[in-house]
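S.K.: From first to last, the protein sequence lines stand for chains U and D. Read in order, the letters of the first sequence are residues 1 to 478 in my numbering. Read in order, the letters of the second sequence are residues 1 to 478 in my numbering.
Hints listed in this document are in silico derivations from the structure and should not be mistaken for laboratory results. Remember, predicted model here, so these are calculated numbers, not experimental data. In this text, a Cβ means the ideal position worked out from N, Cα and C, and glycines have one as well. Careful, some of the hints might be misleading.
Going by beta-carbon spacing under 10 Å, a handful of chain D positions derived as facing chain U [unchecked claim]:
no.: 1; residue: V12
no.: 2; residue: S15
no.: 3; residue: L75
no.: 4; residue: R123
Below, simulated PhoX-like cross-link-like pairs (lysine-lysine); rule was C-alpha separation at most 25 Å, straight line [stated by the list, open to error]:
no.: 5; chain 1: D; residue 1: K402; chain 2: D; residue 2: K186
no.: 6; chain 1: U; residue 1: K53; chain 2: D; residue 2: K68
no.: 7; chain 1: D; residue 1: K38; chain 2: U; residue 2: K82
Protein chains: 2
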Amino acid sequence: MANKEEKLGIKVKKSDDFSEWYNEVVIKSELAEHSPIKGFMVIKPRGYAVWEKIQHFFDANIKKLGVKNAYFPLLIPEKFFKKEAEHAEGFAPELAWVSDKEEGEKYAIRPTSETIMYDSYSRWIRSWRDLPLRLNQWCNVLRWEVKQTKLFLRTREFLWQEGHCVYETEEECEKETKMYLNEYKKICEELLAIPVIEGEKTEKERFAGAKRTYTLEALMPDGKALQMGTSHNLGQNFAKAFNIKFLGRDEKIKVPWQNSWGLSTRTIGAMVMTHSDDKGLVLPPKAAPTQIVIVPIFKSEDKDKIVTKAEEIRSRLKDYEVELDDRDGYSPGWKFNEWELKGIPLRIEIGPKDIEKKQVVLVRRDTNEKEAVPISQLDKKVDETLDYVQNHLFENAKKFLKSNLVFAEGWKDFVKHLKDRKLVEASFCGRIECENEIKEKTNGATSRLIPFGQPKKLGKCIHCDKEAKFMVIFGKAY
Amino acid sequence: MANKEEKLGIKVKKSDDFSEWYNEVVIKSELAEHSPIKGFMVIKPRGYAVWEKIQHFFDANIKKLGVKNAYFPLLIPEKFFKKEAEHAEGFAPELAWVSDKEEGEKYAIRPTSETIMYDSYSRWIRSWRDLPLRLNQWCNVLRWEVKQTKLFLRTREFLWQEGHCVYETEEECEKETKMYLNEYKKICEELLAIPVIEGEKTEKERFAGAKRTYTLEALMPDGKALQMGTSHNLGQNFAKAFNIKFLGRDEKIKVPWQNSWGLSTRTIGAMVMTHSDDKGLVLPPKAAPTQIVIVPIFKSEDKDKIVTKAEEIRSRLKDYEVELDDRDGYSPGWKFNEWELKGIPLRIEIGPKDIEKKQVVLVRRDTNEKEAVPISQLDKKVDETLDYVQNHLFENAKKFLKSNLVFAEGWKDFVKHLKDRKLVEASFCGRIECENEIKEKTNGATSRLIPFGQPKKLGKCIHCDKEAKFMVIFGKAY
């Protein structure tokens, strides 16, 4: 048994080698693994089930907001990419190409679908009556990354949703661009229990072709920032490039306003990093495909009786996905380790003494706290405990974010905070050249976002001493 | 108005030019359209919503059977394809290739995922405890077809699900291969209201690499057969090619048994063909994203009163998706035409006289039957009527299938029935050469399936007069 336990568990501590620890947790908890194709991953059932949780949550919410799902081609003709210059330039290095020799055409596998969708939009939209047009697609995209692969966070193919809306007015477009960002915030905070900072990207970090990019940034335990979702106000850039026009209420031909917004499987990686520990995966109950595991503690002579009771308990917990582990040949301790590794939020133990006392023992995955609970109170206690776990994970992550978000008074302070792996608030001039110099001098720190809720006074830029345009949060990023 | 109505409606009759009629119905009812990329389609929201109905129905059913969803890479290394010889040969003409110059590798965009999945399976499966392994993925696939594109039925990219299971024993594998076929039958008959014939493919028509292919065939109104879904018993072919082995209960190393099964967006095309008419799309209520449209009939002076009543009715019909069309500037007649074109199964009309009489008028899309219904009985009547529509469409299609499935006594009879666009039952020797000759002599008829439930006596082959092996259904196919 000892041998098995050793093989099963996480060998590297989160505090010793965060990157290797993360890789081990993802693989050993069976969320995903590296594919034999360089840069690609296989999303295993336990990982895909988390993605389904995100899909169901978000899909229901955006449908209420009038968004409809559709599906556009995987391949995008080269000529479409060339239409919006900045967009073309931004994505050029990451494209994978397919040639159709018969047609003499070259197609890119979609890295994002603005161009192919807006080509259709230019034929679909005729009048203000066709607006707003709000479409979304759930699909795979390909970006031929050259940096080292990291499961969920950096792979050449990933799964995501991309929303693409068209509006009559600039105001409506801007309002909804922020509204979708807020929907992403709900996924992060309510489902994945990850606190996020909301704001806008600087010119340098903006989406290729966008007027403004709004973003949610989360802070990982290793001090790196991770972009959780972005919503782009595209202005009229793409509408002009793709010749999208509409007849206005005043009978005049107008150019509409557009946004696009995406959230991907990388959020699963953020969830793993944020909550998990040296024993393995920790899942917030709302994002967990299985919330509860029941481990009956039996010897062969009393197995029937105890497993019958365990089954009775399972059938009572109808609101949850429950696993009952009644396997022979594994000790209870081995089972505890396995389900802890796999991140099941709540364990219910039931042995002969518990049956005598008409109780079970609840064990929380996040704190390891144990509590004997009378079976008569089980349903209420399970509801409560799962709520506690969800809230506790979120509160812990909030505390971490708060204590690692610091303000830099001057350049020295700024550099020191970055070295200490903090997210650093600083006044900034907003110029691309200045941002490039900051990145160079700090070994890779980038502006993460211009947070909503700016201070009244700004003073001088932290780096170049020119007049500051806004307060920006800098950090190292994934 | 007359002009608008003309533009909106279907111009070609189903009985005059079936193919053009189909294309018009799909496009004008806004299910899908041709993409500017040759061979590709855009699935529009109304079409995608039908796919979501199929997904929800099937996904829930297979999860109950122990199937889990996962996701494998879009790209498949050339060397994987080469491992199973028949499979490689079968798919070779249809592959689209991406080159990674740095790695010196060539990848095909997946036409199906046996090879990439079974490469993983060979590492995942160690012992009989890992079996059965039952995985499914919802994804896009690419097959570079050269035949003319037909929306939903023949496009280079389509959406589907592919299930891939591994078993300890041949018996279990065979049993479940048929079980998944039966799940497909439920989609066809219970959801899409399309009757199907179940059976096995002949050697010639079998999936490349399979031991046996089970199929569901439906008959379209133009007399062509359409394959609705297939489930392949792969035997040990792929397991041997991909070196999948497991330690048996007897501690001996064994080769497992596998199946794979797929159903695609082409079933949406079959649904359109089967039920729709010269006024446009007809959707079975269970496959319809919107089951009911309420059209209030008002003049500007009584609009408020009537729309208020219509909203009250909508809020009562909680179990359904209901659209309320209170647009100004369109006559009721124009609205009726539009919603008929788009296939909404049930229309509720409410005008000033109806309000006086405390009634509404229900109009069935399939038969155009009208019925005045007291508002007090609305819920019950709506339930009933939608059930009638669903059953009526299915019964109609069953009658059509029954009257067009004929038995051929001899060769002359066989040829005549095929000319008359029937599905023809005939005794058959099973030889590939014989089947090739039949195809040639009949201008393209192929064996559709060897139906389950074979006659006791077979006699001689319809074509070559050799001893018959089974009774086969022949027909022209999509």
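S.K.: All hints, please: hold or fail.
M.R.: Hints, one by one, checked against the model:
1. V12: violated (22 Å)
2. S15: violated (30 Å)
3. L75: For L75(D), the interface hint holds, since the closest Cβ of chain U sits about 6 Å away, which is under 10 Å.
4. R123: Result: holds, 9 Å to nearest chain U Cβ.
5. K402(D) - K186(D): holds (19 Å)
6. K53(U) - K68(D): It holds: about 14 Å lies between the C-alpha atoms, which stays within 25 Å.
7. K38(D) - K82(U): At roughly 19 Å apart (the allowed maximum being 25 Å), K82(U) and K38(D) satisfy the hint.
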